[in-house]
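**Student:** We have chain S; now place chain E onto it with these hints.
Chains as they are written, first to last, in the working numbering: chain S, 67 to 223; chain E, 2 to 309.
Among the clues, some could well be false.
Stated by the list, open to error - Simulated restraints on C-beta separations: (1) Ser150/E - Ala157/S: 56 to 62 angstroms; (2) Glu160/S - Asp277/E: 38 to 44 angstroms; (3) Glu207/S - Asn78/E: 42 to 48 angstroms; (4) Val163/S - Asn78/E: 56 to 62 angstroms; (5) Leu113/S - Ser150/E: 54 to 60 angstroms; (6) Glu207/S - Tyr196/E: 17 to 23 angstroms; (7) Glu239/E - Asn100/S: 58 to 64 angstroms; (8) Val163/S - Glu51/E: 25 to 31 angstroms; (9) Arg243/E - Leu130/S: 31 to 37 angstroms.
Claimed, not checked - Restricting the straight-line Cα-Cα distance to at most 20 angstroms, the calculated cross-link-like pairs of lysine to aspartate or glutamate (DMTMM-like) are: (10) Lys204/E - Glu74/S; (11) Lys148/E - Asp199/E; (12) Lys169/S - Asp189/S; (13) Lys149/S - Asp97/S; (14) Lys163/E - Asp201/S; (15) Lys173/E - Asp201/S; (16) Lys214/E - Asp191/S.
Since the hints were made in silico from the structure, they are not lab data. Heads up, the beta-carbon is just placed ideally off N, CA and C, and yes, glycines get one too.
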Amino acid sequence: MLVVNSIERGIVIDHITAGVGAKILSYLNIDTSNHTVAFLMNAESTLLGRKDVIKIKDVLDLDLSELGLLDPNATVNIIENHKVVRKIKLAIPEKVVDIIHCKNPRCVTSIEPNAPHIFHLVDSDRRVYRCEYCDDMVSMEKDGLNELIHKKHQPSK
Amino acid sequence: MLKGSDLLEPMDFSVEEMGEIFDLAAKIIANPRKYAHALDGRLLATLFYEPSTRTRFSFEAAMLRLGGQVIGFSEANSSSAAKGESISDTLRTVACYADVAVMRHPKEGAPRIGAIAADIPVINAGDGGHHHPTQTLTDLLTILEEKGSLENLTVGICGDLKFGRTVHSLIKALSRYGGVKFVLISPEELVVPDYVRDGILIKNRIPFEEVRKLTPVLPQLDILYMTRVQKERFFNEEDYVRLKDRYILDAAKMKHAKPDMIVMHPLPRVNEISVDVDSDPRAAYFRQAKYGMYARMALLMKILGAEE
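So that you can see chain S by itself, here it is in the shape it has in the complex (with noise of 0.2 angstroms):
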């Protein structure tokens, strides 16, 4: 049984779908980022069998729409003083801006550069997502991650 330390402040991103876990920590740039963080892959758990799990220290925001688009089954703890003061269930978000970017090449977000990325959730169950222009869709699901997320862009040190 490998044990990991609880922190004393900061974030727990717990029940994350095994195997999740680090394009959580890619897409929210956690990996490349200064703060303390663990990182477990395919923890036991007897919700899910095994699961992902992220602590970062010393962080307590963290954009939960993107982490809901990500992983809707993920719940996100915030700690103070060693323990867990808020308990958050992630949802999958109705409205996405600037998280998935449109694959339609005839779309006119391909030839507009200043234009928001705007997605909205038209299946809850398989994570479809339509473009507010093109209306295509995009399945979270089926679709792979890699081309559709826009990774945010890391601020400058």
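**Tutor:** Same frame as chain S, now just chain E:
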């Protein structure tokens, strides 16, 4: 209340709002001179990023016949887009000059970008293979004027049902009226996409049948909507050549049709309707072009809040 509204998609307006436009169009058809100054002093901007003689002329004729005036460009090369200006900036600028903008663009969703940027109403005059809402308005007005109702009709749609956006919009729009039945005539390769068959027809329990041959179903139709197989939709020239002449409506076939059936076509036609049908009073496709102008006149008056 249609004043100030954009028209970006065929279903942006409710059945009641569509009804308002059709009522006004009927009044204009009955007495066009009465409306010759309805939009005096108003300015329409026609922003055509790709050529479309028919739609542009129709809008310009509509505005001019209402006493308004028109500015615009008819291809992207003659606009600031050639210098690299964004759609947002162009529309924001045009909104400083004009009262309403009509926009055609090869990219899907471009008019929505324009509508967000401009504080004047924006009308989509075709965005790639996506939407062409004033064609739907035209089609519905034609049916209403020619058949007297949008209900209890058997509508045959023939040709390219896969790529033809006007067909998808027409099915969606007519599905909002009662007692409409569709007969979908196409080759196997060009049947309606799933989002139309499952998402509109089956979902709303609209009766329809899909057939491969035109002549056997002609006697049951109240309306026959012919479409062109568009070369630009095919990656493979062979497929286009094989499918383009599958359905040709001619005078001989018209003998099987009801005496009051009407033939519609969004135009331009290639050879899917033989010219020997043109003299048949049931050929409504050129009248349809005229209804298109009246529909656009009524639309412009409504969204500009002109007095009737």
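**Student:** Decide, hint by hint, whether the structure agrees.
**Tutor:** Tested hints:
1. Ser150/E - Ala157/S: 56 to 62 angstroms: The hinted range 56 to 62 angstroms is violated for Ser150/E and Ala157/S, with Cβ atoms some 46 angstroms apart.
2. Glu160/S - Asp277/E: 38 to 44 angstroms: Between Glu160/S and Asp277/E, where Cβ atoms are some 55 angstroms apart, the hint is violated.
3. Glu207/S - Asn78/E: 42 to 48 angstroms: Holds, since Glu207/S and Asn78/E (Cβ atoms, about 43 angstroms apart) stay within the stated range.
4. Val163/S - Asn78/E: 56 to 62 angstroms: Given a distance of about 33 angstroms, which is not inside 56 to 62 angstroms, the answer is violated.
5. Leu113/S - Ser150/E: 54 to 60 angstroms: The hinted range 54 to 60 angstroms holds for Leu113/S and Ser150/E, with Cβ atoms some 59 angstroms apart.
6. Glu207/S - Tyr196/E: 17 to 23 angstroms: About 19 angstroms separates the Cβ atoms of Glu207/S and Tyr196/E, which means 17 to 23 angstroms holds.
7. Glu239/E - Asn100/S: 58 to 64 angstroms: holds (59 angstroms)
8. Val163/S - Glu51/E: 25 to 31 angstroms: Between Val163/S and Glu51/E, where Cβ atoms are some 29 angstroms apart, the hint holds.
9. Arg243/E - Leu130/S: 31 to 37 angstroms: The hinted range 31 to 37 angstroms is violated for Arg243/E and Leu130/S, with Cβ atoms some 53 angstroms apart.
10. Lys204/E - Glu74/S: violated (54 angstroms)
11. Lys148/E - Asp199/E: Violated: Lys148/E and Asp199/E sit about 28 angstroms apart, past 20 angstroms.
12. Lys169/S - Asp189/S: Holds, at roughly 19 angstroms.
13. Lys149/S - Asp97/S: The hint is violated at about 25 angstroms.
14. Lys163/E - Asp201/S: Given that 20 angstroms is the threshold and the Cα spacing comes to 16 angstroms, the pair holds.
15. Lys173/E - Asp201/S: Holds, at roughly 15 angstroms.
16. Lys214/E - Asp191/S: violated (40 angstroms)
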